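Engineer: Construct the complete structure from the given sequences, taking the supplied hints into account.
There are 2 protein chains.
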Amino acid sequence: MRNLKKLVGAFSGRYDYLVLTKGPNLAYAVGMPDALGLVVDLRSGYSILYVSRLDYSRAKATTAVDKVVAVASAEIPPRRPGEELVVAPSILEALKSVVRERVASDNKEVGVDVSGEVAELRAAKEEWEVELIKAALRVTESVYVKLGQMRLVGMRERDVAGLVYRWFMEEGADGVAFDPIVASGPNGAYPHYRFGDRRIEYGDYVVVDIGAKKGVYCSDMTRTFAPGRFGVLKDAMYAVYEAVKAAEKAAREGVAAAEVDKAARDVIAEYGFAQYFIHSTGHGVGVEVHEPPRLFVTSKDVLKKGHVVTIEPGVYIEGVGGVRIEDMVYIDGGAAVLNRVPHIL
Amino acid sequence: MRNLKKLVGAFSGRYDYLVLTKGPNLAYAVGMPDALGLVVDLRSGYSILYVSRLDYSRAKATTAVDKVVAVASAEIPPRRPGEELVVAPSILEALKSVVRERVASDNKEVGVDVSGEVAELRAAKEEWEVELIKAALRVTESVYVKLGQMRLVGMRERDVAGLVYRWFMEEGADGVAFDPIVASGPNGAYPHYRFGDRRIEYGDYVVVDIGAKKGVYCSDMTRTFAPGRFGVLKDAMYAVYEAVKAAEKAAREGVAAAEVDKAARDVIAEYGFAQYFIHSTGHGVGVEVHEPPRLFVTSKDVLKKGHVVTIEPGVYIEGVGGVRIEDMVYIDGGAAVLNRVPHIL
Chain A
586 MRNLKKLVGA FSGRYDYLVL TKGPNLAYAV GMPDALGLVV DLRSGYSILY VSRLDYSRAK
646 ATTAVDKVVA VASAEIPPRR PGEELVVAPS ILEALKSVVR ERVASDNKEV GVDVSGEVAE
706 LRAAKEEWEV ELIKAALRVT ESVYVKLGQM RLVGMRERDV AGLVYRWFME EGADGVAFDP
766 IVASGPNGAY PHYRFGDRRI EYGDYVVVDI GAKKGVYCSD MTRTFAPGRF GVLKDAMYAV
826 YEAVKAAEKA AREGVAAAEV DKAARDVIAE YGFAQYFIHS TGHGVGVEVH EPPRLFVTSK
886 DVLKKGHVVT IEPGVYIEGV GGVRIEDMVY IDGGAAVLNR VPHIL
Chain B
586 MRNLKKLVGA FSGRYDYLVL TKGPNLAYAV GMPDALGLVV DLRSGYSILY VSRLDYSRAK
646 ATTAVDKVVA VASAEIPPRR PGEELVVAPS ILEALKSVVR ERVASDNKEV GVDVSGEVAE
706 LRAAKEEWEV ELIKAALRVT ESVYVKLGQM RLVGMRERDV AGLVYRWFME EGADGVAFDP
766 IVASGPNGAY PHYRFGDRRI EYGDYVVVDI GAKKGVYCSD MTRTFAPGRF GVLKDAMYAV
826 YEAVKAAEKA AREGVAAAEV DKAARDVIAE YGFAQYFIHS TGHGVGVEVH EPPRLFVTSK
886 DVLKKGHVVT IEPGVYIEGV GGVRIEDMVY IDGGAAVLNR VPHIL
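Which chain is which? The protein sequence lines are A and B, in order.
Residue numbering for the first sequence follows my numbering, starting at 586 and increasing by one per position.
Residue numbering for the second sequence follows my numbering, starting at 586 and increasing by one per position.
It is worth saying that the hints were derived from the structure and are not from the lab.
Treat each hint with caution, since some may be false.
You can't tell identical chains apart in this list, so a pair holds if it fits in one copy or across any two.
Unchecked claim - With a Cα cut of at most 30 Å, we get these calculated BS3-like pairs of lysine-lysine:
#	residue 1	residue 2
1	591	847
2	885	819
3	890	731
4	607	885
5	645	819
6	885	681
7	889	590
8	681	607
9	591	819
10	847	645
Here the structure is a predicted model, which is why all the values come from computation and not from measurement.
Structural biologist: Structure (structure tokens):
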């Protein structure tokens, strides 16, 4: 609701209506990613949320919009007393009929794309949003603490993933921000590997990249467990650790996101691993686990107050394995690291 | 790979190139939902898969395409020996440059939307696809068997969800088809409720809707646990049970999907619950958990050999709770029910 007011404040005076149809924007505006569409009359602030018929009563109970309207392709079953229902072949047709009807009568321009501006609003988090992200991160960190106390050697990657899921739910997560990555030994060379049947061996580096949700807000964190802590990746571990520290030092309000990427990349290069750092240094996190700003060499983003971004350099060597360490930082003047768990477990 | 050949067979002779960019279609064609795009020269069968740079080596290792090309916004780090890299601002630009270059020289028409035809191909499952769906369903059913042996009373919904996730992974799931629904008591009135802090009480009806994945294939199944099995929903349970049986009897090759919906809806209506059955009777399941055909009154789909669809009538009463039973059936002449676990646990 607070975000809905923020959206109205940002767009009123410039447009008559705001129409949102993308899941993450609907999550942001009204907390319901599976709604179909939102129409806000920016002159009055009056909001109408469109949902599937089976979500009608849930939308009424859990969102704070002025009106909920169900959309269905037929009036079967017959509508119940008080149920607002639009019969339309699709949500787009339902939205168009409402918006066009009104806009046509005013003789105004239709269809200015404001998705970029919505993304910018979403990127600058309010304090209460940061608190939710921190709560999601606390749940995530509690799992790392538990994993750190276990002997992972002998477990299958999928067993570790199963524990992560279970502990998330037990600790109060409202869902997962993304499916867990538990990449052991050579599997660690694939940054987006998920998990499989491989048993963790002594000497493996095990990349664990997980994130819980609180409300609709995500967390995102990586630690690399190294039961033996030796072999070729030992140097990579130090390189990545130093790169994280350098990027966190470089990150602050007003700094180009590309600069933060460079800070991490330079350290990795000093250690001789430049060509093995094959992704960006980080990204924004909010109602989506990947959202602006992007911390990469080609990024034109500038870090601003309220940004919550990951710092996650990594080294990936095919046939050998990988190392990644990922923190979350909050930009408010400097960069406050939101993580409490050590970088090397 | 078998699906890629099927796609080539379906489109060659009619078009020169097939371009796929949607996650589910990429999962179907090459088993990699997080690839960015696939271009197939339909005259030669030669296939090029575009991926993010961090997925390049995983794509090389896990897909059977002729060529993998990485897309990045800059050549940083420098490409490694043998690495195919396109520097482009977006995947669309990368795809366009390849396709247009070729097509322009042939002076042919560009951009026929074949997504409907691809959806039809995907809907008609081959035997090996049905086997994967069945394997995913076996994992799912093993969880119902375990839950059926437990005393759910006193557990929080989120504790049940945590067990579901953990057991899925331990039993060999490659992921979840969707986040678990554990809706107890009044929460059962929301068909798409997820899970929360509520403790299950004696007398509750608890709707548990879950599905594991095997490879990229989904399963989808619901049972309603009723520790007390009394109250107003007792009749609803019988209504839903009878509706499932009626729909499964009606489902067969050549029958309109709307007819199957009607068979379930008529039973629910006989029991006096017509207005509480607020969604369709079922949907196709494959690489997506919801895909064509759709089993609803307005559906124009006809059941065909190879379709795998859910049968899932439900009754939802606000303030009271809900009942849903969901099976999966395979159309091959008649409808073979793929589930083995009883309807009422």
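Engineer: Looking back at the hints listed earlier, which ones does the structure fail to meet?
Structural biologist: 1, 2, 3, 9
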